[in-house]
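Undergrad: One letter stands for each residue in the lines below.
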Amino acid sequence: MQIFDPTIFPILAADGLTNGAVYALLALALVLVFAVTRVIFIPQGEFVVFGTLTLASLQLGRTPGTLWLVLVLLGIAAAMEAFSLVRSGQTRRGLLTVGIAALLGIGIWALTGWLAPLKAPLWVQVILTLGLVAPLGPLLYRVVYQPLQNATVLVLLIASVALHLVLTGLALVFFGPEGSRTPAFFEGNLTLGQVTLSWQSILVIVASAALMLGLYLFFERTMPGKALRATAVNRLGARLVGISPSSAGMLTFTLAALIGALGGVLIGPSVAVTYDSGFLIGLKGFVGAIIGGLVSYPLAAGGAILVGLIESFASFSLSAWKEVIVFTLILPVLLWRSLTTRHIPEDEE
Amino acid sequence: MTAPPPSNNRFPFRLGLSVAAVLIALSLPLLLPLFQVTLLVNILIFAIVVTGLVLLTGILGLTSFGQAAFMGVGAYATAVMTTQLGWNPWLSLPVSLLVTGLIAWFLGLLTLRMQGHYLPLATIAWGISLFYVFGNTPALGGFTGLTDIPPISVFGLELTSPRTFAYLALVCLGLVALGAQFLLSSRTGRAMRALRGGPLVAEAFGVSAFGLRVQVFVLAALMAALAGWLYAHSQRFVNPTPFGLQAGIEYLFMAVVGGSQHVWGGLLGAGLITQIREQLRDILPGLLGQQGNFEVIVFGALVILVLQFARQGLWPLLERLLPQEGIRILPEREKLVPRSKPAPGTPLLSVQNAVKQFGGLRAVGDVSFDLNAGEILGLIGPNGAGKSTMFNLITGVNPATSGQVTFMGQDISRRSAGQIHRLGLSRTFQHVKVLPDLTLLENTMMGGYARGKAGIIRSLLHLERGEEAALQHEALRQLERVGLGAGAFTLAGNLALGQQRVLEIARALVADPTLLLLDEPAAGLRYGEKVELVTLLKKLRDEGVTILLVEHDMDLVMGLVDRLVVMNYGEKLAEGSPQQVRENADVREAYLGVDMEEEGAA
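Which chain is which? The protein sequence lines are A and B, in order. For the first sequence, the numbering used here assigns the number 339 to the last residue and increments by one with no breaks. For the second sequence, the numbering used here assigns the number 601 to the last residue and increments by one with no breaks.
The reader is advised that the hints may include incorrect statements.
[As the list claims (entries may be wrong)] Stretch by stretch, here's where chain A covers chain B in the computed footprint (C-beta under 8 Å, at least three residues):
hint : region
1    : 37 to 47
2    : 116 to 130
[Unchecked claim] Listing some non-contacts, in silico: residues in chain B with all C-beta distances to chain A over 12 Å:
hint : residue
3    : THR136
4    : GLY247
5    : ALA449
6    : GLU479
7    : GLY484
8    : LEU535
9    : GLY558
Simulated from the structure, these hints should not be mistaken for laboratory data. Idealized CB from N, CA, C, for every residue including glycine.
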């Protein structure tokens, strides 16, 4: 087999590991979202796309369309929130919500409008990108998922697929059909004997590892992290001790969007991302998440890295069939998972 | 909402509306401009695919994004056979169906064991895979596809114009929709609905959940394959795009928007989404100043809104405006054959040294008891005594770790719930499990599933009407027997909890059981409801029904049963007549706590 050639193997392995690290981040986000909110979050990959393409727009000195999406969602979310507050008799808090949302919106709009044409340094653009994409998480949760809080997993899944289509379509409107790459954070390579690794790949792997460590500390050491874990274990119990499922959902989606956007920023220099890349990227994270049964974080991360490696080797020897290989692989895993998970039908409907 | 009782002299509005709809549909291909007729053909073809999804997703509760892929298999199969082998399309139709059916059967065996959300994810996975298989196989023309597919001929007339083709599509859709409606109003249809909320009820009445899922899955795939055959010969070329995951998602959207639990909802959804797409393709690019697949934004938003505001889809909203139509009661030509019951006093059920271990917890430890025909045995004990576990051992829901359960002289320790039911054991559920959207009659008929034989094919063709009539009348008799006869045509969801429990008893009785198992029938009932329940159970006892009653309400069982078995902490504490049990010190301790004097002495 050619892929075991000593000059090719390390390149493919490094490539697989780099993509796998990003898939692993997505897998973690998917497990987190599912555990806390029961949402199978198909649009996770869209956050990646919005991350890369927002940064690419900023690179060109353009105002990214992401801004308009944030503003519109903020408006809808504020209106929904105000409506439910007014209906429950809290008119003043309702008006306050609208006021705060308006101020926030103007703030984001002014900041982005000022920074975008300046072609600020890369790190400023990265922070602005994260600041624009991360709010999409809680806003989408409020607008799309919170009204469906009591729905079954399957209804939530259909909503996720619908949201995925909306975001893909919007990405096409905002960023056009062409693919974009962002500049590398570091140039050059690191050579270790036979193996050559680009600094960019190393950055991706290190940053992913750091983020995973950060998430671990967040869940182990902080109160909000523990609250999310409690919700994941037992929704009703968490509610009884005063953890609101809505705020847990918002926090989860904020993390998911942030992880997605970071993933997008990280892979931007190595993969040409187009408006519709998100689905396949997200699904590969999914394969990993499913290997972890949508519950285990380490298994999910390991599974996602495995997917990255398989994809990398498959794309070298059987490039046309690489998607077939990756997605056929999921079937035995799904079967094994569904046979080993005890399903409690009473929970549905 | 009360469904009106059936009447034979009232004008059947629904039938009238259906006839009108058919007449309009038949005239449309002649009246519309050609472009609209082409669109109509597509709507009709899509509606066939969505009808399959209604059965699979709406009724059976299995979400699939893979219908488009099956349509693709059908389309590609006929394309290859007609272009490369030169076959007549009428000859390639059965072969296309066979190929798709086999693939669906194989995928079904592989994926339908998956539960909950794993199945839709699996359908996404093989939906994508099949798309790339179509696109990467040179023999199938790669991503450019296959061209020069011959038209279909009917009586020498080549259907090359959309106007003539529309009639073929109409006939196909009509047959598929009618078959689906027939199926839904049959024994198999009821079993499908019962499976939706989980397999527990369906299997307790003898439905093979996995088998039925595979059958419906293959049926839905065959409908998609028929649509694919039509599509290939109407477009006269095939490429992978219309069979990709995106299309699979859109078919599911059609079902969700239209109303996935109704055949008409599927047609509505197919028409609506296809029309909206055409309109948006004209408007959006101009509005946005660029070309692209923008209609998905609107579809996605539409689906989210429908899920938020009308989760059942749009058809139920329309249906409310239509006159309600009750169930038609068929004339009873023959009665169901009653089961031969063992003579009173013969041993019926015997539990020997039953043990059930959950990890480290011994929920039932070495319990034995017997039950004879014609007897009412009470199995009582405080909460957590292991009564429900014992119940699950006997009914086959969760078999014993060791020990033996014998029923009707057969060892049932390792039998499935359905097999045990067919031997003559019928049960109710502690947490009431009736289908709230169906009438009492239909719910009760579910209990007679194992007494009918008609499978999915006879149901599709309505060849099972004699059996259906017998079931209807048996169900009506049992509803009458338990005192719910007057409300047979109301919806089960409108009943109070106490009446729902009685409905469950009627459902269990339709099976003509040798042994009736009642799982805490009094749990959660008000005093008045309990009194009525006791009256009913006494009546059944006097009619000679053998009952095993699991309860923790002492007062209720004392006046009712012949014998009692008392369990505590998974062990058998006592056994005997109500009088003996009442005087048993251990039982009093378990129920009332330790005697004050004994405690003082200790």
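Undergrad: Establish whether the coverage given for the region 37 to 47 of chain B by chain A is satisfied; the threshold is a Cβ-Cβ distance below 8 Å, and no fewer than three residues must meet it.
TA: Check failed, 0 qualifying residues.
Undergrad: Examine each Cβ of chain A, and state whether all of them lie more than 12 Å from the Cβ of GLU479/B.
TA: The assertion about GLU479/B holds, with a minimum of 30 Å to chain A.
Undergrad: Since LEU535/B was said not to touch the interface, does its Cβ keep a gap of more than 12 Å from each Cβ of chain A?
TA: At roughly 27 Å from the nearest Cβ of chain A, LEU535/B sits farther out than 12 Å, so the non-interface label holds.
Undergrad: Test the statement that GLY247/B is away from the interface with chain A: the closest C-beta pair must be farther apart than 12 Å.
TA: 10 Å, violated
Undergrad: Is the Cβ of GLY484/B farther than 12 Å from every Cβ of chain A?
TA: 29 Å, holds
Undergrad: Could you let me know if the closest chain A CB is still more than 12 Å away from the CB of THR136/B?
TA: Not fine: 10 Å to the nearest Cβ puts THR136/B too close to chain A.
Undergrad: Looking at ALA449/B again, its CB stays over 12 Å from all of chain A?
TA: 21 Å, holds
Undergrad: Is the nearest Cβ of chain A still more than 12 Å from the Cβ of GLY558/B?
TA: 32 Å, holds
Undergrad: Closer than 8 Å, Cβ to Cβ, for at least three residues: run that test on the region 116 to 130 of chain B against chain A and report holds or violated.
TA: Since 11 is at least three, the answer is holds.
Violation of the numbered hints given earlier is confined to hints 1, 3, 4; the remaining hints are satisfied by the structure.
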